[in-house]
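For this one, chain A is given, so just place chain B on it according to the hints.
What follows is each chain in one-letter form.
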Amino acid sequence: MQLVSLDDIGVHRSGRWLVRNVSFDIKRGEIVSLIGPNGAGKSTCARVALGVMAANEGRVSRSARLKVGYVPQKLALDWTLPLSVERLMRLTERPSSQQIAAALERTGIAGMEKAPVQGLSGGEFQRALLARALLRSPNLLVLDEPVQGVDYGGELALYDLILQLREELDCGVLMISHDLHVVMAQTDSVVCLNGHVCCRGAPATVSGSQEFQQIFGEQAMASLALYQHNHDHQHLDDGRVVPADAGGCCGENHSHPHQSSKEQDSKERGNA
Amino acid sequence: MLDDFFMRAMVAGLMLAAVAGPLGCFVIWRRLSYFGDTMAHAALLGVALAVFLQVDMLLGVGAIVALVAVLLVALRRRGTLSADTLLGILSHGALAVGLVMIGFMDDARVDLMALLFGDLLAVDHSDILVIAIIGAGVLVLLWAMWQPLLAATLNHEIAEAEGQRPQLSEMVFVLLIAGVIAVALKIVGALLITALLIIPAAAARWLSRSPEIMAVLAALLGMVGVAGGLWGSLQFDSASGPSIVVCSLLVFMVCISLGALIERRKRG
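Protein chains in written order, with numbering that gives the first Met the number 0: chain A, 0 to 271; chain B, 0 to 267.
Keep in mind that the hints were calculated from the coordinates and are not lab data. It is possible that part of the hints are untrue.
[Unchecked claim] Covered stretches of chain A (in silico footprint by chain B; criterion: 3 or more residues with CB under 8 Å from a CB of chain B, positions within the stretch not fixed):
{"hint": "1", "segment": "46-58"}
{"hint": "2", "segment": "61-73"}
{"hint": "3", "segment": "81-88"}
None of the values given here were measured: they were computed from a predicted structure. All residues carry an ideal CB built from backbone N, CA and C; glycine is no exception.
Chain A on its own, in the form it takes in the complex:
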């Protein structure tokens, strides 16, 4: 079942195109990841898919039976709002105490029902948000950097959990992630963005292709610490790209470097 489909969308804000010519779709039981450098429009595309941001061009179709569970990248909570983890779980749904306990256990924060949300660490808060999203039994999970602030061991466990949830709920997953190895190993479809779709396809085909080597490979394939990719096209001021990419995989001889924020990620991980 098709959940969400973006067809050649473009988003124009404050006098510039944040993204343009982006197409992808998400089906039930499928994990789609968005990758790309900072400012590439990953969150913008996720917002358009969620229906909280309107596209200025192109078509967005969303299934009428869509039930979304959303974990945003950032969530600023005012201290004046007294909120326990348990109350957060009941924000838009009415799960039982057993269900809440089970969800917290699965996300690795068992027994924290009574803890005030403002007292949670970044990683714990992220886990709580994921628990809240899964308690909705969504058919579409949208995760914007779901493991930020989570310690290294926890990251793998959370990615495993996302895989399990996909099986259990038979839900589609739209994930924004910097973890290339996870993206490549565990997702069904990868969309590489840089204001437009640079590259798209199943990880197996993508990673086997020469183009993929050019994007992520060159020096960094093994370490995955940094990726650089060069483009065969130019970005015009209006966000258009010449020569146009037809949504296929990257062409040859890229001419501008994309710096990933991988470095920053590992720094954050060190702090967590």
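Frame of chain A; chain B shown alone:
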């Protein structure tokens, strides 16, 4: 009993506090304190226009405050000027225009001091009835939209993505504030209405573990402030609005101390 002017003011004030408390919680959760202030200042302009056009005072105030509220929400969404600049312009602009207009009117028709600081004597039977009706309406609506409003307060995008309508609940919310401001004008005055919304809610925060507890507590603490303030106003012949705010401030300080004490005991 309601024949006594003091009892009338007391009943009106207590009802007002019961409504302002829960509403004020959302005002501070959403960081809208200055927003409330702007609407309250616009109330003065509403009075001036009502007198000028010879329409009912409550109607004039309600309409102008609601208009300013809707304007603010719309302008904020466009997001060009920062919110505090926008609020500053509208707040002081409305206050100044209102004051200038009232200045041209003759003193017998408008008592400026009463408008700015509230007037105990001004509360009559029909005011009590209006506060009771509007207050009950506001509380019922707030009760009905508590969950979606709380979700929108926590995160607008989550609420919208998950099928709620945060923009609608936000709009209803600012209109509820407009209603409360319109009826509060007589008792606390335009300059101090926001205090009635914010101070009891902020005081309640120190003693609350859930949003719901905080809302109920804010109503109760607001009522303490009103009762104490009106009593003081009668005792010392002070203006009712400032007296209520001073008393609320005392309540707030007691609550901070209690909060600190509880915190220390928890740590052992």
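* Asked: Which of the numbered hints above does this structure break?
  -> When the structure is compared with the hints, none of them turns out to be violated.
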